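A.B. asks: So you can see what is in the structure, the chains are spelled out below.
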Amino acid sequence: MELVDYLPVMIQLLLAAVIAAAILIASHIFGQRARGNYASDSAYECGMLEESKPHPKFSVKFYVVAMLFILFDIEMVFMIPWVLIYRELLSVGILSVWPIFFFLGVLTLGLVYEMKKKGLEWER
Amino acid sequence: MPDFLFYLFSALTVLSAFLVTVSRNAVNGAMYMIVSFVGMAALFVLLEAYFLAALQVLVYAGAVMVLFLFIIMLLDAGKGRTVRPDRLTTAAACIGGLLLISGLIYITFDSGAAPSTPLPVITELPENATATNIPFTTSSRSFGYGLFTKYMLPFQVTGFLLLIAMIGVIVLSKRIDSSGDEPAKPRIAKS
Amino acid sequence: MPPELIADILWKVLFAVIFVVVIMTFAAYSVLAERKVASWIQGRVGPNRTALPGLSAIPVIGPHLVKMGIWQPLADGVKFLFKEDPIPGHVNKLYYCLAPAIALIPALTTMVVLPVGQYTVDGIAHPIVLANIDIGILFILAVSSLGVYGIVIGGWAANSKYPYFGGIRSSAQMISYELAMGMSILPVFMWANGTEPGLGGLSLFNVVTSQQAMWLGVWMPVPAFIFLTALFAETNRLPFDMPESETELVGGFHTEYGSFKFGLFFVGEYAHMVIGSAVFTILFLGGWNFLPDFGIDGLEWLSDPWSRMGWFGSVLSVLYFIAKTMFFVFFFMWVRWTLPRFRYDQVMNLGWKYLVPAALACIFIYALIIGLIDIAFAVEETPAIVQ
Numbered sequence: 154m155e156l157v158d159y160l161p162v163m164i165q166l167l168l169a170a171v172i173a174a175a176i177l178i179a180s181h182i183f184g185q186r187a188r189g190n191y192a193s194d195s196a197y198e199c200g201m202l203e204e205s206k207p208h209p210k211f212s213v214k215f216y217v218v219a220m221l222f223i224l225f226d227i228e229m230v231f232m233i234p235w236v237l238i239y240r241e242l243l244s245v246g247i248l249s250v251w252p253i254f255f256f257l258g259v260l261t262l263g264l265v266y267e268m269k270k271k272g273l274e275w276e277r
Numbered sequence: 142m143p144d145f146l147f148y149l150f151s152a153l154t155v156l157s158a159f160l161v162t163v164s165r166n167a168v169n170g171a172m173y174m175i176v177s178f179v180g181m182a183a184l185f186v187l188l189e190a191y192f193l194a195a196l197q198v199l200v201y202a203g204a205v206m207v208l209f210l211f212i213i214m215l216l217d218a219g220k221g222r223t224v225r226p227d228r229l230t231t232a233a234a235c236i237g238g239l240l241l242i243s244g245l246i247y248i249t250f251d252s253g254a255a256p257s258t259p260l261p262v263i264t265e266l267p268e269n270a271t272a273t274n275i276p277f278t279t280s281s282r283s284f285g286y287g288l289f290t291k292y293m294l295p296f297q298v299t300g301f302l303l304l305i306a307m308i309g310v311i312v313l314s315k316r317i318d319s320s321g322d323e324p325a326k327p328r329i330a331k332s
Numbered sequence: 003m004p005p006e007l008i009a010d011i012l013w014k015v016l017f018a019v020i021f022v023v024v025i026m027t028f029a030a031y032s033v034l035a036e037r038k039v040a041s042w043i044q045g046r047v048g049p050n051r052t053a054l055p056g057l058s059a060i061p062v063i064g065p066h067l068v069k070m071g072i073w074q075p076l077a078d079g080v081k082f083l084f085k086e087d088p089i090p091g092h093v094n095k096l097y098y099c100l101a102p103a104i105a106l107i108p109a110l111t112t113m114v115v116l117p118v119g120q121y122t123v124d125g126i127a128h129p130i131v132l133a134n135i136d137i138g139i140l141f142i143l144a145v146s147s148l149g150v151y152g153i154v155i156g157g158w159a160a161n162s163k164y165p166y167f168g169g170i171r172s173s174a175q176m177i178s179y180e181l182a183m184g185m186s187i188l189p190v191f192m193w194a195n196g197t198e199p200g201l202g203g204l205s206l207f208n209v210v211t212s213q214q215a216m217w218l219g220v221w222m223p224v225p226a227f228i229f230l231t232a233l234f235a236e237t238n239r240l241p242f243d244m245p246e247s248e249t250e251l252v253g254g255f256h257t258e259y260g261s262f263k264f265g266l267f268f269v270g271e272y273a274h275m276v277i278g279s280a281v282f283t284i285l286f287l288g289g290w291n292f293l294p295d296f297g298i299d300g301l302e303w304l305s306d307p308w309s310r311m312g313w314f315g316s317v318l319s320v321l322y323f324i325a326k327t328m329f330f331v332f333f334f335m336w337v338r339w340t341l342p343r344f345r346y347d348q349v350m351n352l353g354w355k356y357l358v359p360a361a362l363a364c365i366f367i368y369a370l371i372i373g374l375i376d377i378a379f380a381v382e383e384t385p386a387i388v389q
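Residue numbers (my numbering), protein chains in the order written: chain A, 154 to 277; chain B, 142 to 332; chain C, 3 to 389.
Honestly, the hints are just simulated from the structure, not real lab data.
Don't take every hint at face value.
Said to hold, decoys possible - Dumping the calculated SDA-like pairs for lysine to any residue here, alpha-carbon to alpha-carbon at most 20 Å:
1. A/K270 x B/K315
2. C/K95 x A/A179
3. C/K14 x A/S244
4. C/K355 x A/M268
5. A/K269 x B/V312
6. C/K95 x A/K270
7. A/K270 x C/L352
8. A/K269 x C/A30
9. A/K270 x C/D347
10. C/K69 x C/K85
11. A/K269 x B/L304
12. A/K271 x C/Y356
13. A/K210 x B/F209
14. C/K81 x A/H181
15. C/K14 x A/K271
16. A/K206 x C/K95
17. C/K81 x A/I172
18. A/K210 x B/L215
19. C/K81 x A/L257
20. A/K270 x B/C235
21. A/K270 x C/Q348
22. A/K271 x B/A306
23. C/K85 x A/K269
24. B/K291 x A/L257
25. C/K85 x A/Q185
26. A/K206 x A/A192
27. C/K69 x C/L34
28. A/K269 x B/L313
29. A/K271 x C/K69
30. A/K210 x A/Y197
Everything numeric in this text was worked out from a predicted model, so none of it was measured.
Full structure from sequences and hints, please.
C.D. replies: Rendered as structure tokens:
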């Protein structure tokens, strides 16, 4: 693995950005023009007049989901190096099963706790 | 070429990090922070820490910032109010910043402080591998060698830290639900 | 810079452009395929009128192509391009314009680590891929996790209720299923990184070569199912199209969008679908391996006939891989017109209460199974474990 291997990644990123920008600009240049009016400059609510704020407050449940997502994401990230070396360590006789099972067990405990407390339940 | 890229990406990272602190609109701030995290991932790539770079994007830019955006949207803080910090906060921030800058200057000019030898590119465990003699390398497998032998204890402690955080999530969200007689029900709960 | 380096960079840019053009063409034609499949399933005819002057006048073939709707994507593109490009007065203009680009860029970037076939030099197989890097699948997960910002920013910037709900809903859905997706691939990489040390890592080519004896989807059906379900949710396809759910949210996050800005979201979704199908094929269906050879000596030609045919073999391996991928693109459409949409609480409960625990259980079970296989088949080589 060398740094040069990552050159295509950078090229691809630049290419993707250029394509997206080019399409947006082309669409702006070639697109028809129309004068704005009241109907096109107000939020679409199925023909009704706008009611209340455009960004109403939403449930705290979404926030809980995002927090739990970070925690389990980090857990997953810790397991990635383990799955990469699991068979190799096994073949040279280093038993890496029990430590990771302990780690996973602790986190399964957390998951069970979430379920018991109905933290994962969507409808409350 | 890598030198030029290093200056490019570090300028990007530092500039967007600076813009995070000065932007009035919280959503702008969050966007700059994502750019800053991605720039940092690019710096990790230049340091040949490819696995870390991917994790930086996956965890910080992809997960943590979603939570930030949720909070900004939940509180509808996008408009931005100017809150003047009190004197104590200002003084503490100034002292902390000065300490950080002086530390950075010290590290930069003290030649022996930061190791600058490139990492060896090895792809397998050395003969008679024990917990202490496993070297760091650039391949993603080598993170496992270190994490599951030498750094096993910190790894397990992290597991407990995550468990505590999970309990914290439940405690926090449950308290919000049961505060007051009529729970603070958002106006549109089923969005 | 030395001229060789510049030439090298130019070659790489050329390959990148070819890849992008091919994948975008597939994305455009899967839009057509979607319309055709929908019409077949519903007993309609589908697009059959668009004709090109000249080409459609060719006898026999021309009218047939018109009936197949082969020119329809071109007409769609031209129509997107010349439509009014509206920027309504109530939106946040900068983010409104930025969001479609943010949605498209990750979809176009993930293909950089996607191997599509193999070529053989001196008896060693190499992947046909833009960047052969060892963080492979992690790169795809990381970059596609950035795609959620396109939707959430698009919904927020529109300053309108329906897009806002669509954006919030879909971002919560996408992060939930990203978790299940990430966990379901761990058994695959546990198997793919064999007992011998080497540059395996997270590269997708390595996964394909490790499946010559048996495709992983056959003996890992549960992770495969979890991955496929999460893929539907990640690409916002029915039965998981919460961000759009046109019966309740008009068009979801892109209600206020028009012209090619909407087109970018649309193309991004289909490009995501094509790349997702390709990743599923690589992870669980043996990539371009012809058939599993059950690990029997002398049957290697069954799993890898391509390396014996020179450059023609590489072309065939790419075509075989594309055929497998196209089957899954078709499967996506088939499911879309078969299953009804889930309710939002059902989506979230399915993700968190069934898929994540199931994926976790799979990691436990396959760690034990793979460990037992290794011990049973390699006793004489690893005395340390037997003692």
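A.B. asks: For each hint, tell me whether it holds in the structure or not.
C.D. replies: Here is how each hint holds up against the structure:
In summary, the hint linking A/K270 to B/K315 is supported, as the alpha carbons are separated by about 9 Å, within the 20 Å threshold. Under the criterion of a C-alpha separation no larger than 20 Å, the hint pairing C/K95 with A/A179 is consistent with the structure, at around 17 Å. Under the criterion of a C-alpha separation no larger than 20 Å, the hint pairing C/K14 with A/S244 is inconsistent with the structure, at around 39 Å. Between C/K355 and A/M268 the alpha-carbon distance is near 8 Å, which keeps this suggested pair within the 20 Å criterion.
For the hint pairing A/K269 with B/V312, the CA-to-CA distance comes to about 13 Å; that is within 20 Å, so the pair holds. Straight-line distance between C-alpha atoms of C/K95 and A/K270 comes to about 43 Å, which puts the hinted pair past the 20 Å bound. A C-alpha spacing of about 17 Å is found between A/K270 and C/L352, which places the hinted pair at or below 20 Å, so the restraint holds. At roughly 47 Å between alpha-carbon atoms, A/K269 and C/A30 are farther apart than 20 Å, so this suggested pair is violated.
Restraint check for A/K270 and C/D347: satisfied, since their Cα atoms lie roughly 17 Å apart, inside the 20 Å limit. As the CA atoms of C/K69 and C/K85 are separated by approximately 25 Å, the hinted pair breaks the 20 Å bound. This hinted pair checks out: A/K269 and B/L304 have alpha carbons roughly 14 Å apart, not beyond 20 Å. In summary, the hint linking A/K271 to C/Y356 is supported, as the alpha carbons are separated by about 14 Å, within the 20 Å threshold.
About 15 Å separates the Cα atoms of A/K210 and B/F209, which keeps this hinted pair within 20 Å; it holds. A hinted pair counts as satisfied when its Cα atoms are at most 20 Å apart, and C/K81 with A/H181 qualifies at roughly 13 Å. Between C/K14 and A/K271, the direct Cα distance comes to roughly 52 Å. Violation of the 20 Å bound is thereby established for this hinted pair. Under the criterion of a C-alpha separation no larger than 20 Å, the hint pairing A/K206 with C/K95 is consistent with the structure, at around 18 Å.
Distance hint between C/K81 and A/I172 is fulfilled; the C-alpha atoms sit about 18 Å from each other, no more than 20 Å. This hinted pair checks out: A/K210 and B/L215 have alpha carbons roughly 6 Å apart, not beyond 20 Å. For the suggested pair C/K81 and A/L257, the alpha carbons sit about 53 Å apart, so the restraint of at most 20 Å is broken. Our distance criterion of 20 Å between C-alpha atoms is broken by A/K270 and B/C235, whose separation comes to about 43 Å.
A C-alpha spacing of about 18 Å is found between A/K270 and C/Q348, which places the hinted pair at or below 20 Å, so the restraint holds. Of the supplied pair hints, the one linking A/K271 and B/A306 holds, its CA atoms being roughly 16 Å apart against a limit of 20 Å. Annotation: proposed proximity of C/K85 to A/K269 is violated, straight-line Cα distance about 53 Å (limit 20 Å). Distance hint between B/K291 and A/L257 is fulfilled; the C-alpha atoms sit about 19 Å from each other, no more than 20 Å.
A threshold of 20 Å between alpha carbons decides the hint, and for C/K85 with A/Q185 the separation of about 6 Å falls inside it, so the pair holds. Annotation: proposed proximity of A/K206 to A/A192 holds, straight-line Cα distance about 17 Å (limit 20 Å). With a C-alpha separation of about 12 Å, the suggested pairing of C/K69 with C/L34 holds against the 20 Å cut-off. Distance hint between A/K269 and B/L313 is fulfilled; the C-alpha atoms sit about 16 Å from each other, no more than 20 Å.
Straight-line distance between C-alpha atoms of A/K271 and C/K69 comes to about 55 Å, which puts the hinted pair past the 20 Å bound. Straight-line distance between C-alpha atoms of A/K210 and A/Y197 comes to about 19 Å, which keeps the hinted pair within the 20 Å bound.
When held up to the earlier numbered hints, the structure conflicts with 3, 6, 8, 10, 15, 19, 20, 23, 29 and fits the remainder.
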